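Visitor: Here are the chains, one letter per residue:
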Amino acid sequence: MIPPLPGSAHAAPPSLASHQASGLTPGTSSDPPIGADCCRLGALHKGQRAVVTGLDESAVATPLPPGELERRMIEMGLIEGACVEILHEGFPGADPLAVRINDHTLALRRAEAHAVLVTLG
Amino acid sequence: MSDTVLSSPAFMGVPPRIALVGNPNCGKTALFNALTGARQKVANYPGVTVERKIGEFLSPAGTRVQLVDLPGTYSLRARSPDEEVTRDVVLGRFQHEAPPDVMVCVADATNLRLHLRLVLELKKLGRPIILALNMMDVAEARGCRVDAAALSAALGVPVVPTVAIKRTGVVGLLDQIDRSMVAMTVTPAHSPSNAPGPLPCGWSEPSALDLRAYHQQVETILATALRDAGRPSLATRRIDAALLHPAIGLPFLFLVLFLMFQAVFAWAAVPMDMIDKGLGWVQAAAGAALPDGLLKSLLTDGIIAGVGSVVIFLPQILVLFFFILMLESTGYMARAAFLLDRLMGGVGLHGRAFIPLLSSFACAVPGIMAARTIENRADRLATIMIAPLMTCSARLPVYTLIIAAFVPDRTVAGGMIGLQGLVMFTLYAAGILSALAAAFVLKRTIFKGAREPLLMELPSYRLPSPRDILLGLLERARIFLARAGTVIFAIMILLWFLGSFPAAPDGATGPAIDYSFAGMLGHALAPLLAPIGFTWQIAIALVPGMAAREVAVAALGTVYALSETGDALSGSLAGVLAADWSLPTALSLLAWFVFAPQCVSTLSVVKRETNSWFWMLVMIVYMTALAYGAAFVTFHLSSALLGG
Numbered sequence: 001m002i003p004p005l006p007g008s009a010h011a012a013p014p015s016l017a018s019h020q021a022s023g024l025t026p027g028t029s030s031d032p033p034i035g036a037d038c039c040r041l042g043a044l045h046k047g048q049r050a051v052v053t054g055l056d057e058s059a060v061a062t063p064l065p066p067g068e069l070e071r072r073m074i075e076m077g078l079i080e081g082a083c084v085e086i087l088h089e090g091f092p093g094a095d096p097l098a099v100r101i102n103d104h105t106l107a108l109r110r111a112e113a114h115a116v117l118v119t120l121g
Numbered sequence: 122m123s124d125t126v127l128s129s130p131a132f133m134g135v136p137p138r139i140a141l142v143g144n145p146n147c148g149k150t151a152l153f154n155a156l157t158g159a160r161q162k163v164a165n166y167p168g169v170t171v172e173r174k175i176g177e178f179l180s181p182a183g184t185r186v187q188l189v190d191l192p193g194t195y196s197l198r199a200r201s202p203d204e205e206v207t208r209d210v211v212l213g214r215f216q217h218e219a220p221p222d223v224m225v226c227v228a229d230a231t232n233l234r235l236h237l238r239l240v241l242e243l244k245k246l247g248r249p250i251i252l253a254l255n256m257m258d259v260a261e262a263r264g265c266r267v268d269a270a271a272l273s274a275a276l277g278v279p280v281v282p283t284v285a286i287k288r289t290g291v292v293g294l295l296d297q298i299d300r301s302m303v304a305m306t307v308t309p310a311h312s313p314s315n316a317p318g319p320l321p322c323g324w325s326e327p328s329a330l331d332l333r334a335y336h337q338q339v340e341t342i343l344a345t346a347l348r349d350a351g352r353p354s355l356a357t358r359r360i361d362a363a364l365l366h367p368a369i370g371l372p373f374l375f376l377v378l379f380l381m382f383q384a385v386f387a388w389a390a391v392p393m394d395m396i397d398k399g400l401g402w403v404q405a406a407a408g409a410a411l412p413d414g415l416l417k418s419l420l421t422d423g424i425i426a427g428v429g430s431v432v433i434f435l436p437q438i439l440v441l442f443f444f445i446l447m448l449e450s451t452g453y454m455a456r457a458a459f460l461l462d463r464l465m466g467g468v469g470l471h472g473r474a475f476i477p478l479l480s481s482f483a484c485a486v487p488g489i490m491a492a493r494t495i496e497n498r499a500d501r502l503a504t505i506m507i508a509p510l511m512t513c514s515a516r517l518p519v520y521t522l523i524i525a526a527f528v529p530d531r532t533v534a535g536g537m538i539g540l541q542g543l544v545m546f547t548l549y550a551a552g553i554l555s556a557l558a559a560a561f562v563l564k565r566t567i568f569k570g571a572r573e574p575l576l577m578e579l580p581s582y583r584l585p586s587p588r589d590i591l592l593g594l595l596e597r598a599r600i601f602l603a604r605a606g607t608v609i610f611a612i613m614i615l616l617w618f619l620g621s622f623p624a625a626p627d628g629a630t631g632p633a634i635d636y637s638f639a640g641m642l643g644h645a646l647a648p649l650l651a652p653i654g655f656t657w658q659i660a661i662a663l664v665p666g667m668a669a670r671e672v673a674v675a676a677l678g679t680v681y682a683l684s685e686t687g688d689a690l691s692g693s694l695a696g697v698l699a700a701d702w703s704l705p706t707a708l709s710l711l712a713w714f715v716f717a718p719q720c721v722s723t724l725s726v727v728k729r730e731t732n733s734w735f736w737m738l739v740m741i742v743y744m745t746a747l748a749y750g751a752a753f754v755t756f757h758l759s760s761a762l763l764g765g
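From first to last, the protein sequence lines are chains A and B.
FYI, the numbering for the first sequence is 1 to 121, going by this note's numbering.
FYI, the numbering for the second sequence is 122 to 765, going by this note's numbering.
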């Protein structure tokens with residue numbers, strides 16, 4: 001069986017408005033929907049688990065060109081559907097975070113983690 | 122069989138080239154070492170600062186194969202200079218270098234969800250690929266089960282499980298390499314492998330949508346091939362709970378660093394002594410064998426003494442790198458960057474800048490080269506510019522000499538702390554604090570900008586492999602000695618020339634060096650250095666001393682017309698200086714040495730790594746200005762406090 005090539009239509013994962021917008025026009029996104037369970041990874045604390053629902057790069061100030069932070073996050077495994085858990089927090093200020101993403105652990109600052117939209121649980 | 126492979130149109134007599142590609146932390150280097158053993162060397166890519174690690178091995182069928190270890194990368198989209206090299210080699214963009222014949226993608230079997238995406242990207246290039254599922258032993262221990270056959274069917278490439286740290290763990294890979302090479306001779310679909318030039322596959326950087334689609338593909342493939350994802354490493358989690366704990370984490374890190382530095386001095390002392398004695402023996406032998414004259418002077422005073430004064434630091438550099446390699450291979454280095462990210466962020470640096478700065482404690486040259494892994498250009502330049510401020514080994518002979526001459530061998534705080542040790546610690550701290558202060562200023566002015574995102578993987582803890590550590594140290598020793606044998610060698614001959622010609626006239630009363638070019642230069646500089654309290658002897662000794670810190674002590678010995686060498690020289694020199702210099706002068710010289718850019722090797726590496734003369738000149742100017750200013754303040758302040 002030959003897997004579908006990247007870019008083909010039926011490869012689209014479950015989407016939120018922000019995901020689709022950022023996929024077509026990197027660097028911009030619509031406002032994230034404010035659902036009861038929706039929040040940002042940067043707001044979570046040690047021991048909390050969540051599922052990634054979207055990436056919103058406009059929330060973070062970086063020296064990177066538009067769209068770059070989102071691509072790097074996807075390359076490091078922060079993608080819709082990934083199961084995350086906050087394992088450790090740094091000192092002082094509970095920053096940076098050590099986050100378990102599926103099968104590996106990633107260190108990122110709270111400021112960057114604010115670009116990741118998650119649903120608790 | 123090897124002859125048919127080599128002489129086929131696919132290879133045309135040139136040994137096949139295989140490249141190892143993969144994410145960082147997949148065990149690629151261990152695999153490279155397993156395949157090539159000690160038959161590896163480091164060379165330069167033309168026009169690029171990143172070094173190329175190449176080795177050779179004999180396949181089971183008897184074919185000689187060339188293996189290239191490419192820098193680890195998460196994606197072909199290059200974010201830093203070493204990742205660019207991986208991209209360019211794989212795409213065949215290097216002018217005089219053909220793309221590899223076969224690519225061995227190395228993936229961590231316990232982390233396929235992250236690693237397989239790169240394999241899919243590489244597949245698009247249309248070259249033969251072999252997927253090496255590495256760390257299979259760890260995978261099995263954690264209950265992770267991968268169906269290699271199903272994975273191979275889903276991916277369309279051969280898949281081989283490997284255990285790079287075991288001698289028998291790469292047998293399957295070697296067999297597969299043979300099969301792939303034979304397959305290449307049979308299917309002439311690919312262009313001849315030894316034709317340089319970019320691949321006609323039209324690779325372009327994937328967009329976020331492309332990347333998501335790749336991940337979707339990976340999930341589909343894993344659904345068929347990953348029987349059991351296994352458990353995460355419980356040991357890693359438990360250890361991290363302690364080592365990343367708010368109260369324990371940083372103190373433990375500082376303890377590790379403190380022990381490291383203690384060990385560097387303690388363990389390196391005996392080998393350094395041995396090298397010192399060995400050099401003395403060689404000098405004496407050369408002196409006895411040759412008639413008096415220029416050649417003897419050139420050999421004993423120029424080459425042997427000069428190059429030897431650099432080589433003597435090899436033990437310290439190796440011990441420090443032993444610890445750095447241990448920290449990296451166990452996975453603790455990433456934790457150190459995690460713990461320090463906040464503190465270093467205070468001055469605008471990335472947590473990962475810690476590694477180049479730590480290496481700079483042995484020698485700034487490998488430290489500056491280690492900055493290649495910093496992605497953001499401004500951050501990288503800032504790290505390079507402050508690295509030489511870290512107290513390198515070469516400053517120690519001068520520090521030791523002046524402390525021995527001017528600091529009484531007493532204890533303070535009720536006999537708990539030795540005063541001499543305290544002063545040495547203060548000098549180290551001055552180096553670190555000045556580097557942080559310089560970073561603070563640089564990041565607010567020239568290199569302004571928010572920090573690069575952290576986004577750093579914390580790998581599972583692993584036991585270090587003795588073989589890999591040993592090979593790593595061998596590589597370091599080779600690089601250092603090669604530099605000593607070329608750059609330093611040339612400089613020492615030049616300095617010997619400046620210090621020996623013109624020779625002292627008959628009936629001269631001062632030391633011979635006083636009449637030479639170096640002496641003339643020193644006397645010309647003396648008025649400039651008088652405001653900071655430097656005598657004309659210091660001015661002359663600084664002429665060679667500005668090229669290499671290590672020779673400053675020997676130069677001082679020459680100026681004061683002492684003929685001993687090594688420790689004997691330091692001993693008698695201390696006495697001479699204590700009588701000849703005032704304390705403010707000594708303190709001023711210490712302050713100068715903390716900041717002054719006195720190392721041609723460092724400057725040449727800065728030029729190479731930044732690809733321009735500009736940053737090298739900036740470094741010379743700013744460090745000299747800092748040195749002069751600090752020496753000036755120190756001299757006048759201490760004169761005022763001590764009453765002249």
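Derived by calculation from the structure, the hints in this document are not laboratory data.
Keep in mind that a hint or two might mislead.
[Unchecked claim] Across the chosen pairs, the derived CB separations fall in these ranges: (1) B/Glu340 - A/Ala43: 45 to 55 Å; (2) A/Val51 - B/Ser733: 24 to 34 Å; (3) B/Asp258 - A/Gln48: 26 to 36 Å; (4) B/Ala598 - A/Arg49: 40 to 50 Å; (5) A/Gln48 - B/Arg531: 54 to 64 Å; (6) B/Ala362 - A/Thr119: 24 to 34 Å.
Quantities reported herein were computed from a predicted structural model and do not represent experimental measurements.
For every residue, glycine included, the Cβ atom is placed at its ideal position computed from N, Cα and C.
Visitor: Look at each hint and say if it fits the structure.
Guide: Do the hints match the structure? See the list:
no. : hint                            : verdict
1   : B/Glu340 - A/Ala43: 45 to 55 Å  : violated, 27 Å
2   : A/Val51 - B/Ser733: 24 to 34 Å  : violated, 48 Å
3   : B/Asp258 - A/Gln48: 26 to 36 Å  : holds, 33 Å
4   : B/Ala598 - A/Arg49: 40 to 50 Å  : holds, 48 Å
5   : A/Gln48 - B/Arg531: 54 to 64 Å  : holds, 56 Å
6   : B/Ala362 - A/Thr119: 24 to 34 Å : holds, 26 Å
Of the numbered hints stated above, those contradicted by the structure are hints 1 and 2, listed in ascending order.
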